[in-house]
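Here is how the chains run, residue by residue.
Protein chains: 4
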Amino acid sequence: MSNSFGSLFKITTFGESHGKAIGVTVDGCPAGITIDEAFIQSELERRKPGQSKITTQRKEPDSFEILSGVFEGKSTGTPIAMVIRNTDQKSKDYAHIAKSYRPSHADFTYQEKYGIRDYRGGGRSSARETAARVAAGALAKLALRQLGIEVAAYVSQVGDLKTEKTYQQLDLSKTENNIVRCPDESIADKMITFIDGIRKSGDTVGGIVTGVITGTPVGLGEPVFDKLHARLGAAMLGINAVKGFEYGSGFEGAKMKGSKHNDIIEKDGDQIKTRTNLSGGIQGGISNGEDIYFNVAFKPVATIMRDQNSIDQDGQTITVSGKGRHDPCVVPRAVPIVEAMAAITILDFYLLNRSTHL
Amino acid sequence: MSNSFGSLFKITTFGESHGKAIGVTVDGCPAGITIDEAFIQSELERRKPGQSKITTQRKEPDSFEILSGVFEGKSTGTPIAMVIRNTDQKSKDYAHIAKSYRPSHADFTYQEKYGIRDYRGGGRSSARETAARVAAGALAKLALRQLGIEVAAYVSQVGDLKTEKTYQQLDLSKTENNIVRCPDESIADKMITFIDGIRKSGDTVGGIVTGVITGTPVGLGEPVFDKLHARLGAAMLGINAVKGFEYGSGFEGAKMKGSKHNDIIEKDGDQIKTRTNLSGGIQGGISNGEDIYFNVAFKPVATIMRDQNSIDQDGQTITVSGKGRHDPCVVPRAVPIVEAMAAITILDFYLLNRSTHL
Amino acid sequence: MSNSFGSLFKITTFGESHGKAIGVTVDGCPAGITIDEAFIQSELERRKPGQSKITTQRKEPDSFEILSGVFEGKSTGTPIAMVIRNTDQKSKDYAHIAKSYRPSHADFTYQEKYGIRDYRGGGRSSARETAARVAAGALAKLALRQLGIEVAAYVSQVGDLKTEKTYQQLDLSKTENNIVRCPDESIADKMITFIDGIRKSGDTVGGIVTGVITGTPVGLGEPVFDKLHARLGAAMLGINAVKGFEYGSGFEGAKMKGSKHNDIIEKDGDQIKTRTNLSGGIQGGISNGEDIYFNVAFKPVATIMRDQNSIDQDGQTITVSGKGRHDPCVVPRAVPIVEAMAAITILDFYLLNRSTHL
Amino acid sequence: MSNSFGSLFKITTFGESHGKAIGVTVDGCPAGITIDEAFIQSELERRKPGQSKITTQRKEPDSFEILSGVFEGKSTGTPIAMVIRNTDQKSKDYAHIAKSYRPSHADFTYQEKYGIRDYRGGGRSSARETAARVAAGALAKLALRQLGIEVAAYVSQVGDLKTEKTYQQLDLSKTENNIVRCPDESIADKMITFIDGIRKSGDTVGGIVTGVITGTPVGLGEPVFDKLHARLGAAMLGINAVKGFEYGSGFEGAKMKGSKHNDIIEKDGDQIKTRTNLSGGIQGGISNGEDIYFNVAFKPVATIMRDQNSIDQDGQTITVSGKGRHDPCVVPRAVPIVEAMAAITILDFYLLNRSTHL
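Protein chains in written order, with my numbering: chain A, 1 to 358; chain B, 1 to 358; chain C, 1 to 358; chain D, 1 to 358.
Same shape as in the complex, but just chain A (with noise of 0.2 angstroms):
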């Protein structure tokens, strides 16, 4: 169970890599928001495999289809359902694995737990699964539009190679222009370089996303429990191959002095702003209205190209060689995946924080 996530906007997904259609269904999203297909469609295209020459070369075209909850081109506040129809499906590139547990995979964990498990493609456990929640981000991020708030993520980390540049510094309108998603040009190439070497090495490698967003009003999130750190950090961690999360100053503020670490607050004309903004724009575990940024690591992909050691369900040594078409890194594709779950955990406090007063 715990396909589930959210308090009122809430998603739940299904399906597996090789089954008939992966989906979700987004209960709670507010009436009356304009449903842009198109957007939802773009934003699957960020995350569908094939799309460059550094991502996984399966074909999948992820189009999805609606099939409840908009009417007249608008949500209507009952269930959105989405499902994408699982097209590329080569199941006998796991015939092979039927039985194998493959190292730094899920197999070994899924058959334990449930005694049974679809093994092509990782079937649950496979991150294609990640495109529902895509297309669920595509509705949050339509609503928070409407509302002035803006996500945005990018790649900062490839391996070792790593932007030097702050968010601030970065123009992340330029994210998008290369295939590595990482809008400081000066290192993008490298990392598109290592990437293709790494591939070509039948290796991975994992990475850094780190994610922005702008425009937040004061007074999101909900102590003591679902501080918006909280949960924006189980939004994260739940996304597959992710090890890490950090915000604000993160595991650099352990090593700082409060006098230093401390963000003095002053006024900009009416507004109370904070000179710097070590906290990650929250406080207390509340949106203080400044930025909220935040990185995820996320492990090398676990499918190699080379021949591992490894164990079948029989408690059998075996060889476990890589096959299919994986892909040498994860990040470019995690941004999209990273934006989507970051976009529907600040809608959620944002209607949350509805009930805060009469």
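Check each hint, because a few of them may be wrong.
Put simply, identical chains are the same to the list, so a pair is met inside one copy or across any two.
To be verified - Below, in silico cross-link-like pairs of lysine to aspartate or glutamate (EDC-like), each with a Cα-Cα straight-line distance of 20 angstroms or less:
id	residue 1	residue 2
1	K174	D291
2	K323	D312
3	K162	E252
4	K257	D268
5	K20	E290
6	K99	E266
7	K200	E37
Just so you know, these hints were derived from the structure itself, not from any lab.
Once you have looked at the hints, place chains B, C and D on chain A.
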């Protein structure tokens, strides 16, 4: 709202720093657990203020009273309410900040969100609330102990000072041997001296707490959204002053290649084990039976004994002077809080996993 | 929002009467259940329109498709999504009511709440949505069958015509022998004739469905708020057109004295039984092992083939004329819906009860 | 588990009849509500034992203490914890039933479910727990009052004695004028005499409480599963001793024809009203602005002052003799409980409805 945590083992905390009491109701504690009150008290002692020279000198005995749910020394399956009266309330210490917005505190966000706040000692946003979590966590630990699951945490970094040893290289039974709660004796004294210096300079410093969960059976965690590490991360990020969470290889994993990062699966007698454990005991969001380990980054305490510029509720520029009795570094007292939230999370997943099969 | 039901076996339905499809996602179906698709279809047939002369003559085949969560004929523990395409959409039948508020329909309240509504066939408020519940309920029944728990329902009253027999005096295997689904043959024909007359007069009539759950183990139900009968009542009251719910002695019990109402506890061989069962198989909100029985009152269908005065969206006085194809009495088709919601409720409590002990 | 009720205005109760205390935490009480402690106490007085000759003669002052969430007389938006100490605990009254299973009590089911129970006074299954609900309900009433919503309840039936008047024909301000809480003076005295006779005979009797909610705006209720009446029904069925719930036309509606049952919609000045209100103020699960009214059936109290045969925990045949101080009829004291649960339900829906639009 959102003062509850957990699905089946669910805690709800209440209380402000300088109100009458803080407390917690634990709903869903399994029946028949022997409730060792001395153990609960000992856990509270580990968190309480005034325990050493490197913590705040406030004196709160943090005595708790069980109001319900325990009969003849055992849990009955009904809600266990525990109350801790506030006794060392020097509320007048706070009169001077009634209308102040202290830098990097939650004064501004609480005031803006709720339109009212109990300003005394931070009110609900005070870390005093975490005593309630420690009491609830002690119950979870008592239950987990019956299952052979142990949760431990320790200070691994204070400012720039950090142990170079992994948790496997340390003897975690030594954590309580020193007041900074670092089991690496070679660095613990330095940390203590460093914090003492920080305190004398009227400043504060951040740090990192490392958590380790051993004895977890295979199968805990509920993909896709309640992956074990996603909810564990939310549990940690919900603790006051936390800025980041990573598990297994964490942020380092983002730099690695798959060929190095993958944990080779092998047989160890009858058992399936992984040779390395960069996965941190979790695959696909489900425990694989290996140790679960993670890092939690804490920012420096925001209250410093220095003058800082700020703004008050009326928008006037003010000088905030540090008063009261505060911690120069929060991590030594955070150790039992990290353990408590981890224990609550794991017990909840243990119970949830029961419904995987008929 | 609130299109989900259940805690651990959780269903989320979607879809409008005249949209593309209706459907359901079942999250938390235990793994390893044999999914008998023919059985699911047969349950849908019991609910579908056009099945007899006393139901609406709309023709919807109500064929379902499983999109996920089933592998090689068994549930995998991942979400099971089922979709039923809408095929007999005569949306033009509804053009004339696009702006009308039909008496005792949800037109007015949906319009006022959401500011927009899919008026075709009632949209989301249509009882067509219950087909999704029947599909999910069929899964629950398949699981309960493995546990020896059976859920049955039948029509016990239509208008003033009611069976004088208790459920124990009836052979519930005969429920499907007649089109009104009343196992009391002495009254079933009268009910059918009565409904047929009602239909011819352009009117509609209410009725009562009685439910019986047998084989329930002791211990299901979660006091104090999720008492077995409280959630069972919510499950029933959530079905379209339901006006009342009672279990055990029900409203009659309000007239009784304790000395007559108390169920004497006695031994029956090794088993503890009650001599009478006015408690309806539930004590303190927890099943006691006796049969659980309950009544569900349905109002007459609001759509009648007569002219009625009303108001439209612009506040103008209008005449609403009954058109389309509607049921003269909803209870025969409600029988499988009552069973489905009961099965979902009981299975959920079965899974919840697993966490009572370590 | 399941000791919480509500989504955004969420209460969690705790406590046993003869433990140290009972209490409640209210999470999500809107900020800025003036907390009238005298009003809360007056509501508790309406429920407390010993208030008249027709209630139990136990003496519990039911004084409450607010531990948190209120500052300078106003709610702060943080959890409000309230504790009521148990003072009149004559636990020795119960020593004789420590191992007994009293007929139609929860002794057997609690013992079987949890394997342990606090047998004193029914422990958690005692209706004493409802005092906590009344305290929480008083908070909800204070909030609803600001919105112009009023919740009232009264005794409409005791045994066979019932008022023939509808709630519209009664002056509900007279409910508190007599000890049976029936505003129909022509029947109230008879009810009192009847209950007194029942008491003298060592017996008990059931009854019906009618509830009325006025001033509700259009739009409350969350279809399809949290229809206003579905959750209201669950709220009522969760009260001790309740056997049935109906709203609007209720079980009578099952006998009616659509042509009589439909509520014609018409204009009343600028407002849209229904001529009749058999719908009970709810259409499609959403309030339509008319009065919401409902009946709640209570069984006779199970504790009678007569000998009854039963079984004990060891399976031995025993005689249970009624001792202690018990109510001959529960409905007079149930009136404030019904009101409390209704107020909590409506306030929660009011807050939930805020998220329908951006």
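Consistency of the hints with the structure:
1. In this assembly of identical chains, K174 and D291 lie within 20 angstroms of each other by CA distance solely inside one copy; the values are 19 angstroms within and 42 angstroms between copies.
2. Taking identical chains as interchangeable, the C-alpha atoms of K323 and D312 lie at most 20 angstroms apart only when both belong to the same chain, with a minimum of 17 angstroms there against 63 angstroms between chains.
3. Taking the shortest Cα distances, K162 and E252 sit within 20 angstroms of each other both inside one copy (16 angstroms) and across copies (13 angstroms).
4. Taking CA atoms no more than 20 angstroms apart as the test, K257 paired with D268 passes in neither setting, with 26 angstroms inside one copy and 46 angstroms between copies.
5. When the C-alpha separation of K20 and E290 is checked against a cutoff of 20 angstroms, the pair qualifies neither within a copy, at 43 angstroms, nor between copies, at 34 angstroms.
6. Taking identical chains as interchangeable, the C-alpha atoms of K99 and E266 lie at most 20 angstroms apart only when they sit on different chains, with a minimum of 15 angstroms there against 62 angstroms within one chain.
7. In this assembly of identical chains, the alpha carbons of K200 and E37 never lie at most 20 angstroms apart, being 37 angstroms within a copy and 46 angstroms across copies at closest.
This entry does not satisfy hints 4, 5, 7, going by the numbered hints stated previously.
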